[in-house]
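A.B. asks: Chains as they are written, first to last, in full-length UniProt numbering: chain G, 1 to 346; chain P, 1 to 180.
Hints should not be assumed to be uniformly reliable.
[Said to hold, decoys possible] Residues from chain G shown here face chain P by an in silico Cβ test under 7 angstroms; the list is partial:
#, residue
1, Tyr87
2, Ala214
3, Asn216
4, Ala217
5, Ala303
6, Arg305
For the record, the hints were derived by calculation from the structure and aren't laboratory data. Just so it is clear, CB atoms sit at the ideal spot from N, CA and C, and this is done for glycine as well.
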Amino acid sequence: MDSYDAPELTPRQDASSRLKDFFVGATPLQKRLESVRKQTSFIPTPPRRKIPQGSQLQEDVDPQKFAFLLHKQWTLYSLTPLYKFSYTNFKEYSKLLNAFIAAEKQKGLAVEVGDDFNIEVVFSTLMGVKGTQRDPEAFLVQILSKSQLPSEHKEGKVLWTGWFCCVFGDSLLETVSEDFTCLPLFLVNGAETNTAIIGTWFQKTFDCYFRPLAINAFNLSWMAAMWTACKMDHYMATTEFLWSVPCSPHSLDISYAIHPEDAKALWDSVHKTPGEVTQEEVDLFMDCLYSHFHRHFKIHLSATRLVRVSTSVASAHTDGKIKILCPKYLIGVLAYLTELAVFQIE
Amino acid sequence: MSALRPLDKLPGLNTATILLVGTEDALLQQLADSMLKADCTSELKVHLARSLPLPCSVNRPRIDLIVFVVNLHSKLSLQSVEESLCHLDAAFFLGKVAFLATGAGRDSHCSIHRNTVVKLAHTYRSPLLFCDLEIEDFRAAMAQRLVRLLQICAGHVPGVSALNLLSLMRGSENPSLEDL
């Protein structure tokens, strides 16, 4: 093959070595511009990722504060950088958002049964949910219902929660200018109507854009491998997978549950490099599960679509729903989700 | 059950034969139908197979082009293609093999990363085509393209051979692929 290439080797090699020099000193933005100009897409899949290490939260933060983040189902969205967002203007933002919600509800766009307009929007910072010092602080928006009797507990019931965070978002942080705040991951728990209203307000005020973050089967299998690799003292839930078989008219679902210690033992036999997960190890781990299933049931799971992965660390669904169960690995899970969100934005 | 060889049979008069290999029967059938509808001066023969090696008992004409169809939604199709590649004579890879990846449009359903297929095509030095075979217009356009490729590989186009075509198609590839 190489001898056939000889006549065209010289001009191509010059071009490619010039390109290599260009790439060495280029920032990610320049690289992206170059790939757009050449009309190729620069989506490398990282061949290896770090296994999330436990307790990466900053030491001075009380982990009890994050208890409300666990054991709740969050819907994921990716968010483009916010323009001229300031952490000091939270009171102003609360007022504006309150007024906006009241206006929308009076327009009759979001009519709920038993709605009495006694709601309050609260913005607050979530200290400690970040990967490096460069990451912007996470913040939280909550809709609380104001209680009728002010003498009783001041805080009403939480109707809707949404929080914005960025964990190890270096690749995005490098490319944006000073006026922008990068918080690419948005997690929501609550009524869809409220999500729509608040999303509209953010989009109008900060010139950003929300998109639902779907997790495809490839990323779900990475999550399964990474979360099985995490060291746990005590397993709270069985490791469970759910596959959807495409067949008309109704799709079948296949659910496969493994004892978490068996899953960890399987992972340990596959795992080679300490501290890192490679693509080959993920593929081997999933292939072991597939071949075991095939031996017993003669069904090729590799021809179906992985839809849900559930471990003691967290559980994820392909529609972009996540539930985090273990506080120790919260940052690790968020880091992977931030990476997916950044890929979607770019 | 021996390896397929490109030149072990005499060519038929004005016939060009293509072999489509893949696990997705419905998609291959639809692609075959689209190809036969395309107008072409040569007589077209389309053979379908789930995997190689092909059974020896069937009397078949010389195969001019083999297209391996990988469905990005199914890991099984990739595994089946990888296993089939071992049963091909090396001479086939001089322009008579192409890879076709389908299903890239619906990213939420993908279980194989695009780069895996790109690396596979690069390892075997063969062109990689992307097409969503489920959408009719794209399928018709891809069928047209495959018919033209097939005519060149069968030697029906004067002045261009399969090997020429291979180098022409590789010239437009991204040079940074060598880093993969």
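A.B. asks: Give a verdict on every hint.
C.D. replies: To see whether the hints hold, each was checked on the structure:
1. Tyr87: 34 angstroms, violated
2. Ala214: It holds, given that the least Cβ distance between G:Ala214 and chain P is near 4 angstroms, below 7 angstroms.
3. Asn216: 5 angstroms, holds
4. Ala217: Interface hint status for G:Ala217: holds (4 angstroms vs cutoff 7 angstroms).
5. Ala303: 4 angstroms, holds
6. Arg305: 6 angstroms, holds
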